[in-house]
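Whatever position you read off the sequence shown (first residue = 1), add 28 for the working numbering.
Heads up, some of the hints might be wrong.
Label pairs and their calculated CB-CB ranges [unchecked claim]: (1) G44 x T115: 45 to 53 angstroms; (2) G44 x D130: 23 to 31 angstroms; (3) K93 x G124: 50 to 58 angstroms; (4) H99 x A58: 52 to 60 angstroms.
Since the hints were made in silico from the structure, they are not lab data.
Note that CB positions come from ideal geometry on N, CA and C, so glycine has one too.
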Amino acid sequence: ETAVGLGVLNQSQVPGMMALFETRVLPVIAQSLPNISHCPERGAAPLTQDWMDLAVEVNRTLATKFPQCQHSVMSFLSAPERTVSKTVTLPLPKGGLNVTIDATIPAGTFLG
Numbered sequence: 029e030t031a032v033g034l035g036v037l038n039q040s041q042v043p044g045m046m047a048l049f050e051t052r053v054l055p056v057i058a059q060s061l062p063n064i065s066h067c068p069e070r071g072a073a074p075l076t077q078d079w080m081d082l083a084v085e086v087n088r089t090l091a092t093k094f095p096q097c098q099h100s101v102m103s104f105l106s107a108p109e110r111t112v113s114k115t116v117t118l119p120l121p122k123g124g125l126n127v128t129i130d131a132t133i134p135a136g137t138f139l140g
């Protein structure tokens, strides 16, 4: 027999519980998680250089038009690390189960 947090299952009940988890519980969890995307690839050299040149030009223009301001152009990679916490209620046969999901979004990535 297999012990589960809400009771005890015998081996014949495990496939049914797995199906319940996949069809009812997993979708709730998936909807509650952030859509995270991050591209680990760097663009082609000319494109990357174009962006670098643009950053220099933006800095130059800001310094000319707003000399009294302190400014800087920052990379997307400078986005700080972020922690997300979400509590969801999982629909289980004997009542809902509250689960807290914590995730850390690494610096330089985005939360969709």
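So, going through the hints one by one against the coordinates:
1. Under the hint 45 to 53 angstroms, the C-beta atoms of G44 and T115, about 27 angstroms apart, miss the expected range.
2. Hint check: G44 to D130, Cβ distance near 30 angstroms, so the stated range 23 to 31 angstroms holds.
3. The supplied range of 50 to 58 angstroms is met by K93 and G124, whose beta-carbon atoms lie about 57 angstroms from each other.
4. At about 41 angstroms, the CB distance of H99 to A58 disagrees with the hint of 52 to 60 angstroms.
Going down the numbered hints, you'll see the structure goes against 1 and 4, while the others check out.
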